[in-house]
Amino acid sequence: MPFTPPKESFSGKICEIGIGRGDGTVSLGGQSVMPFHSFEGAAPGKPAIAFEVQDVPPDDWPETVKDVFRDVSGDPVTWAAYCQDSLGADAIALRLAGTHPDRGDISAERAAETVSRMLAAIKVPLIILGSNHAEKDTSVLVRAAEAAKQTNSVIGKAQEANYKTIAAAAMANDLKLIAMSELDINLSKQLNILITQMGFDREKLITDPMSSALSYGLEYTYSVMERIRLAALAQNDPTLQTPMLADVGMYVWKVKETQAPEADLPEWGELGRRGVAWEAVTASAFLVSGADLLIMRHPDAAGAVKKFMAEMEVQ
Amino acid sequence: MALTGVEIFKLLPKTNCKKCGQPTCLAFAMKLAQRQTSLDKCPDVSEEAKEKLGAASAPPIRPITLGTGAKCVKMGEEMVLFRHEKKFVNPCAFAVEIKDTLATADAERKMEEAAASEIDRVGQKLRVDALYLSNDSGDPARFLELARLASTKAPDLPVILGTVNPDAAEGALGTLAGKKAVLYGANAGNISAMAEKAKAAKATLGIAAKNMDELCELTEKAKSLGVEDMVLDSGARSAGEILRDNTYMRRAALKKNFKPLGFPVITFANRADGMLETLVAGLGVEKYASIVVMNEAERWKNLALFSLRQNIYTDPQVPMQVQQKIYKIGEPGPKAPFLITTNFSLTFFIVSGEIENSKVACRLAVMDSEGLSVLTAWAAGKFTAGKIAQFIGESGIEGELEQRELVIPGYVAILSGAIEDKLPGWKITVGPREANGLPAFLKARG
Chain B
1 MPFTPPKESF SGKICEIGIG RGDGTVSLGG QSVMPFHSFE GAAPGKPAIA FEVQDVPPDD
61 WPETVKDVFR DVSGDPVTWA AYCQDSLGAD AIALRLAGTH PDRGDISAER AAETVSRMLA
121 AIKVPLIILG SNHAEKDTSV LVRAAEAAKQ TNSVIGKAQE ANYKTIAAAA MANDLKLIAM
181 SELDINLSKQ LNILITQMGF DREKLITDPM SSALSYGLEY TYSVMERIRL AALAQNDPTL
241 QTPMLADVGM YVWKVKETQA PEADLPEWGE LGRRGVAWEA VTASAFLVSG ADLLIMRHPD
301 AAGAVKKFMA EMEVQ
Chain V
1001 MALTGVEIFK LLPKTNCKKC GQPTCLAFAM KLAQRQTSLD KCPDVSEEAK EKLGAASAPP
1061 IRPITLGTGA KCVKMGEEMV LFRHEKKFVN PCAFAVEIKD TLATADAERK MEEAAASEID
1121 RVGQKLRVDA LYLSNDSGDP ARFLELARLA STKAPDLPVI LGTVNPDAAE GALGTLAGKK
1181 AVLYGANAGN ISAMAEKAKA AKATLGIAAK NMDELCELTE KAKSLGVEDM VLDSGARSAG
1241 EILRDNTYMR RAALKKNFKP LGFPVITFAN RADGMLETLV AGLGVEKYAS IVVMNEAERW
1301 KNLALFSLRQ NIYTDPQVPM QVQQKIYKIG EPGPKAPFLI TTNFSLTFFI VSGEIENSKV
1361 ACRLAVMDSE GLSVLTAWAA GKFTAGKIAQ FIGESGIEGE LEQRELVIPG YVAILSGAIE
1421 DKLPGWKITV GPREANGLPA FLKARG
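Line by line, the protein sequences are chains B and V. Counting along the first sequence from 1, when you hit position 305 you're at 305 in this note's numbering, and nothing is skipped either side. Counting along the second sequence from 1, when you hit position 420 you're at 1420 in this note's numbering, and nothing is skipped either side.
Every beta carbon over 10 Å from chain V, so not counted as near; a handful from chain B, in silico:
hint, residue
1, Gly22
2, Thr138
3, Asn186
As a list, the in silico DSSO-like pairs of lysine-lysine whose alpha-carbon atoms are at most 27 Å apart:
hint, chain 1, residue 1, chain 2, residue 2
4, V, Lys1052, V, Lys1255
5, V, Lys1443, B, Lys254
6, B, Lys7, V, Lys1221
7, V, Lys1359, B, Lys66
8, B, Lys254, V, Lys1359
9, B, Lys256, V, Lys1125
Here are the computed distance ranges between Cβ atoms for each label pair:
hint, chain 1, residue 1, chain 2, residue 2, range
10, V, Ser1238, B, Pro44, 19 to 25 Å
11, B, Glu146, V, Asp1315, 46 to 52 Å
12, B, Asp75, V, Lys1256, 55 to 61 Å
13, V, Ala1379, B, Glu160, 18 to 24 Å
14, B, Asp85, V, Ala1103, 41 to 47 Å
It is worth saying that the hints were derived from the structure and are not from the lab. For clarity, every value in this text was computed on a predicted model and none was experimentally measured. From the three backbone atoms N, C-alpha and C, an ideal C-beta is built for every residue, glycine too.
Produce the complete structure using the sequences and hints provided.
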């Protein structure tokens, strides 16, 4: 009996967004099917993996991931170049962690200098992230946006408390913008609407529905992503037809499972591979639920996810 | 397609005899339509009605049990494609492959590893669920030897027998009588013989097809040979093929009520690269496998996959809760800060994570608020001054503290006076509104 595949086609389509400059440009989104469903419709853009670097040495990262970058993490530009040239990063995510009032309170001017140095040194797209301090981020990201003017970089994250300033800065400097809300499809939709009502082009917007780590809320991010993607495709909701970001590394590398030594918890097995698996499983689950852009830390985890993505293309 | 209550009612005896436990035949019909009762409760139903209703009322994906006893695994019965619609029902089984070409000592090690894999994770006991014994040698004698080894080394673990040789199948099934094993390997060349062996041993038949067309042919053939319990393999091996075929199978069963594919799915994630195997197994968890077969079950991998399965199979309508108690973060001394929050699991994870980030050892009281977050619990009257005072008062924690001071979430600052009234001798301090304010707050306290 020949089998008739129950294919599903949708009227909605995700905006295709190019980030970065020249040869380094990366295209996100553009698909009109659920993640990796190229067997039933167009899925042009492949998800991209950005490596996370920080403007200050990663003192708060656990040893297993900090060690990998020991020789380069003293300077953010050296660190980024290593990720680009030796690790094959599709993009660099520069987290301006040192601007946080509790992490050194680095000034907006100095943060902007780091951004300029970074842009001069790398070819792949740059994603500029604040320290997730809503108030400080407004001043830091405004200056950072000026430093990245017309480089087609990505800046974020615009949140409910500060979106006006950050979206205006992204608009004035012709940058792509990440809009983040907390694990709720309606909040994501509302923030996207507020930002586009300011005149911001929806085709320059990336939605971060808020990430999480395996065993620490993964199912919330997973399902919010699936719901956002279904709303965008099946209900053809233009306010949700944005590529999605999963900012994985920062959630994964603070949980106990990526830090507790095997000697303390023998039933958890070897720490090195456990930590890598934690990041890779979290990231690949979000790919399956709809992420177009991942921010990751460990090169082994990113490498495993790349292999997984390549296999997902084999149909 | 499923029948409506009224359509079912027309087929019932309409005697309102109440023997089914319902007041009327119509009420019984409504319950049947909602799958809240079963047709065998009606003693007078006609054969014709049984046939019609049986076909219509069967769950779209047949329920099948793998193994017997305390460690048996239920499969099938899934009702949705996406977990936000409704809870995924039966968590998939992880099976580790053991080949009959392995040295006995290696096979033993893998069996013992699987048998000892159980860990306690957020109150659930999780383990490698099954052994997949593979007749790689093609030799029935070696396969039998491996099956015997499994029945002594891991006697209560369910078994999947992987062979295309009906004679090897018969021998190995003999050692697993009454154990509800899966006999996997029925293909176009051997299906009649394999169906016979599975039926004789009351085992589930695993269909090993090359593609979806052949899979449908083989399940129909097996059904015509009298096989009722099957698990399906479309031949998909790459991650992309697994996603495609498992999606097609789930959709066809649920949306088209397509019977030839209304069975649990077995997915082979086996990869030499252990990390990649973990990710492909994860895809199986997310996308519709009932059994996921892997080469190795190392502890780091088990922890990640057990956790993923737990996440994916939680009920999206019931907030995940953590147990009410006073948690120690780090090694808090008598002067360490003492904080309180609610027992919504995300609230707990975020608050405890930020306390860990602060590197300040603390005690964290987690109060049962029926899984609601702080503001919602306060609004719903589950996180009130009276309840907080009662919980803290009865906890006996004051004996461990040098100073009776409790830090409450900034969102419920309004409660501080009322708690102080109800907990005489305690000082109530208002903490930050958001958890990410905790590191600064705790560090500032010195």
